[in-house]
Amino acid sequence: MSASRATPPARSAKHTSSRAPARASRAAKQASAAQPTQSTPQAAVQADHSDHHEPADARRPSSTEAAYRELRRRIIESELTPGTQLLEQELALLLGFSRTPIREAAVRLQSEGLVRIVPRRGIRIVPVSLSDIRHIYEVLISLESTAAALLAERADVDLTPLDDACAQMTDALARGDMLAWAEADEVFHETLVTLGGNARLVRLVMNCRDQVHRVRRLTQRVKPHPQPAKSIEEHRAIVAAIRGGDAARASGLYRAHRERGWRDQTNVLTQFGIQQA
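Numbering (the working numbering), first residue to last: 608 to 884.
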């Protein structure tokens with residue numbers, strides 16, 4: 608009697624059907640991966656949206672960064688005047704942050720020379736020093752007068768933005784709006800440096816500009832600009848020299864203009880006893 612070969616049990620329909628979709632799904636994924644990706648406007652929009660599904664908090668500045676920016680802004684705008692000394696807790700309440708971000712922001716600002724951390728006594732806004740102002744202006748004048756010369760050598764640059772800034776200064780002066788006048792004045796100087804076309808020079812100038820802005824805001828609180836009409840006149844003369852391609856004249860006029868501004872600010876600081884050595 609021959610032994611009969613055992614027949615394996617048939618797979619249940621349920622077991623077979625459960626694997627088929629899985630195999631089909633894997634095959635579909637492999638086929639999709641093998642095909643080149645089509646670049647369509649719709650696909651680009653979808654990809655753009657998918658890239659922005661990160662949490663909103665990831666795109667916001669950290670509390671330390673936000674505290675740094677706000678504290679720095681108040682110092683530069685002279686809302687926190689030189690010589691002011693506050694405890695960490697007082698600054699935290701004033702700015703709406705906890706003490707840790709304030710402490711970390713203060714360390715960063717101390718490295719920039721804007722505050723001094725006094726152990727057990729808080730944070731002190733570094734006073735304005737006439738010698739420091741002189742040093743900043745010496746660097747700034749040298750850089751900006753170079754930018755004016757560079758711009759005079761670039762015949763292809765449209766100088767309309769400089770004309771517009773002068774017009775805005777004239778209009779603001781006619782209205783008696785000295786804040787708008789000062790803002791247009793700063794636009795003039797920043798635009799001139801930018802149009803010069805030297806990116807490294809622009810960055811160096813901007814490093815000095817905040818300190819100059821701080822001094823200007825401080826002096827404006829006690830006395831408006833002493834010669835606003837003369838500044839507009841000097842600006843127009845600088846633009847004329849640049850437009851005429853006279854690099855030496857443009858540089859010289861710019862240097863004289865900035866040196867006069869430095870003397871005017873120094874006189875105000877001395878007159879009202881704002882400066883501190």
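Simulated from the structure, these hints should not be mistaken for lab results. Be aware that one or more of the hints could be misleading.
[Said to hold, decoys possible] Each pair of labels, with its calculated beta carbon distance range: (1) P726 with D770: 50 to 58 angstroms; (2) A844 with Q717: 36 to 44 angstroms; (3) E711 with E790: 41 to 49 angstroms.
The beta-carbon is built from N, C-alpha and C at its ideal position, and this holds for glycine as well.
* **Unsatisfied constraints (hint numbers, rising)** => Structure breaks hint 3 only.
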